[in-house]
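2 protein chains.
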Amino acid sequence: MLIVQKFGGTSVANLERVRAVGERVRKTAGDGHKVVVVLSAPAGETDQLLKLASEITNQPDPRECDSLVALGEQKSVALLGLYLKAQNVPCVSLSGWQVPVWTDSEHGKARIRHIEPERIFKELGSGKVVIVTGFQGITEEGDVATLGRGGSDTSAVALAAALKADLCEIYTDVDGVYTADPKVVSGPKLLQKISYEEMMELADAGAKVLQTRSVEVAAKHRVPLKVRSSFNDHPGTEVVSENESLEKILVAGVTLNKNEARISIRRIPEGQGVLAKFFGPLAEAGINVDMIVENLAADGTADLGFTVSKGDLRTAMKYAEMVAKKMGAGRVEAAGDIAKISIVGLGMRTHAGVAYRIFQILADLGVAVQMVTTSEIKVSLVVAMDDAEKAVRELHKAFGLEKNA
Amino acid sequence: MLIVQKFGGTSVANLERVRAVGERVRKTAGDGHKVVVVLSAPAGETDQLLKLASEITNQPDPRECDSLVALGEQKSVALLGLYLKAQNVPCVSLSGWQVPVWTDSEHGKARIRHIEPERIFKELGSGKVVIVTGFQGITEEGDVATLGRGGSDTSAVALAAALKADLCEIYTDVDGVYTADPKVVSGPKLLQKISYEEMMELADAGAKVLQTRSVEVAAKHRVPLKVRSSFNDHPGTEVVSENESLEKILVAGVTLNKNEARISIRRIPEGQGVLAKFFGPLAEAGINVDMIVENLAADGTADLGFTVSKGDLRTAMKYAEMVAKKMGAGRVEAAGDIAKISIVGLGMRTHAGVAYRIFQILADLGVAVQMVTTSEIKVSLVVAMDDAEKAVRELHKAFGLEKNA
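Protein sequences appear in the order of chains A and B.
Positions 33 to 437 (our numbering) are the ones given, in order, by the first sequence.
Positions 33 to 437 (our numbering) are the ones given, in order, by the second sequence.
Check each hint, because a few of them may be wrong.
When chains are identical, the list treats them as one kind, so a pair holds in a single copy or across two.
[Stated by the list, open to error] Calculated cross-link-like contacts (lysine-lysine; reagent style BS3-like; alpha-carbon spacing at most 25 Å):
{"id": "1", "residue 1": "290", "residue 2": "141"}
{"id": "2", "residue 1": "429", "residue 2": "240"}
{"id": "3", "residue 1": "422", "residue 2": "290"}
{"id": "4", "residue 1": "258", "residue 2": "215"}
Since the hints were derived computationally from the structure, they do not count as laboratory data.
A quick note: this is a predicted structure, and the numbers were derived from the prediction, not measured.
Given only the sequences and the hints, what does the whole structure look like? Please build it.
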């Protein structure tokens with residue numbers, strides 16, 4: 033088999049951990065597999081490099097910043113290369129530009145355009161383990177570009193797709209994908225399988241185990257994906273196509289995101305392009321809007337609510353108030369002490385009344401729902417921060433997700 | 033003018049120093065010059081990376097080690113790039129592979145084969161300062177290779193040659209080239225000019241201000257070279273062709289090298305290839321031999337003496353004893369408590385009796401000379417460590433090199 037193994041920052045945080053990764057890779061290669069390893073920067077290293085840049089200027093040039101930040105993964109791959117060579121495991125470490133992994137020129141949040149597989153195939157063909165930097169590639173102009181935070185998952189999946197790998201293993205610091213955050217819920221279930229679609233919604237809703245884009249790429253190219261722990265030999269969670277997802281459970285997981293804040297604008301007068309008028313300035317300011325709800329009242333005025341990350345709240349409020357004033361709308365309110373809960377499951381598509389059950393559970397708990405949005409396989413809710421963990425625990429239990437349920 | 037400015041590790045040791053380099057570069061560019069900056073790794077960074085490699089294995093794979101060690105200069109150039117961009121100075125930082133600087137495949141001590149100047153000319157043509165990593169390049173195989181310790185000087189000179197620069201300035205932590213080490217001799221003279229040939233011999237004899245190879249390259253391509261301080265605006269020392277070297281002084285400098293040790297073998301029986309038999313095994317073991325003296329006695333036996341770096345003494349002794357035994361030679365002696373003194377000057381070529389004066393001065397001092405070698409413009413001596421500084425001071429004075437002489 034051709035296997036891509038991706039290890040995150042905590043898995044290469046120090047030399048002891050690098051050795052452990054090396055031993056796992058050696059074992060996989062020893063079992064007769066061809067192995068391509070994708071590494072993140074050692075935990076903390078990227079932040080340290082960013083801090084250095086920010087000490088020089090508070091608006092670092094993106095191209096120069098990328099050259100600096102990319103050094104983290106380059107360090108990881110060289111260290112693993114040194115270790116494996118010292119153990120007489122034939123190997124070669126490659127930076128993104130050496131593969132090459134071609135990206136667009138959006139420094140700091142570049143997207144992979146195309147990966148040339150020839151060099152990797154050549155090295156694999158000569159019996160070597162190939163170690164590749166995650167998170168980075170090279171632009172047409174010959175500059176180093178990074179993919180943005182968490183991009184190493186995407187690098188691994190894109191490499192697996194380009195190499196038509198038989199398996200892409202994402203090694204992390206948890207045993208796999210859980211039905212809820214073990215820090216919030218006691219005894220969540222570890223999922224043996226999950227569909228790409230559910231995984232995407234979970235990742236998007238705040239489950240940190242995989243980056244959303246990496247799941248998108250995996251789904252598009254049908255890359256067989258596995259999320260495993262780098263600390264033990266637990267088989268982990270397989271991310272598979274919907275029709276392979278044998279466990280026909282209603283809900284796959286409940287996530288909690290405490291990093292968002294809510295803004296609502298009351299009584300916006302009737303008119304064309306109300307939403308564009310509010311969200312245009314936010315988009316220009318680079319502020320990501322997550323949930324959006326709008327409701328038209330009988331008198332023709334609309335109520336609008338949306339969430340942004342807590343860090344963007346102040347700026348977002350400034351724009352919202354500006355637009356609201358111009359349009360003669362009513363009050364603009366901000367709430368920072370809220371949390372977003374998402375319930376994700378393929379079963380929602382076929383089973384009516386899941387949303388109703390959710391609302392009933394929360395009502396019984398006395399938890400007020402401040403905002404709701406729904407997609408085909410996800411219901412997201414905003415509740416008061418104080419109610420959030422209690423609500424997650426109760427929903428998790430009610431949908432039978434506990435380990436011993 | 034097209035000027036190459038090279039800054040060493042202490043000049044980019046921290047952000048404050050990087051800013052100072054940036055200001056100097058900005059001033060040069062502001063004066064209307066085209067500037068190519070060559071940087072070493074921040075002081076200590078290369079050692080730290082090598083230490084990391086040595087913690088993984090005591091025989092690091094050279095190719096992987098080069099990928100790791102090369103990160104130091106890549107950090108320097110990105111940091112300076114960030115600073116200059118923040119000051120609105122158009123610039124671009126380039127790693128060796130981006131230039132590209134082509135080298136051979138001798139990882140850890142690669143030699144530059146060819147530098148493609150097109151990209152640098154293009155960037156300079158668009159009004160940018162170009163910042164290039166010293167010490168590294170890329171092999172035909174597409175691997176990063178380093179030039180070995182001090183290689184950044186060579187990078188700068190080679191770039192200056194390839195770009196046909198009008199001037200190559202080497203910025204360092206001293207004001208220029210002195211007639212002797214200010215730590216040993218009080219008040220040595222700062223040379224305004226020195227010939228390439230003298231500079232080569234001085235560098236070779238232990239003056240740390242420039243790497244020997246960089247002077248060789250400068251001499252070969254007649255690159256106008258200047259050694260200056262990065263801490264002040266002193267004009268420094270110009271390294272020029274012999275016929276431009278106006279100061280017709282007998283001796284340009286006296287150097288002291290305390291890092292060598294001496295081995296001598298007595299009464300080696302007559303025979304073919306004696307020297308090859310001794311130095312073959314040392315070369316294979318990668319041990320550099322510096323001074324070599326051999327003297328044939330009337331009875332046909334030879335006495336052989338040579339110096340190696342102190343760190344290699346134990347290994348070199350092992351080989352020397354092995355060969356001596358095989359050949360039936362006499363005693364093998366090692367001396368670690370010695371120092372090498374070199375006296376360098378173009379004047380020696382035309383003035384007879386310089387060696388005699390040297391020996392006379394040492395005899396008057398009561399300093400015993402253990403070994404002597406001479407070249408066209410250099411006399412090197414081995415003396416006891418305890419005598420060394422005294423001898424340097426006296427020679428320096430006797431040849432009129434004191435500032436106020």
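Fill in: Those earlier numbered hints the structure runs against, lowest number first
Failing hints: none at all.
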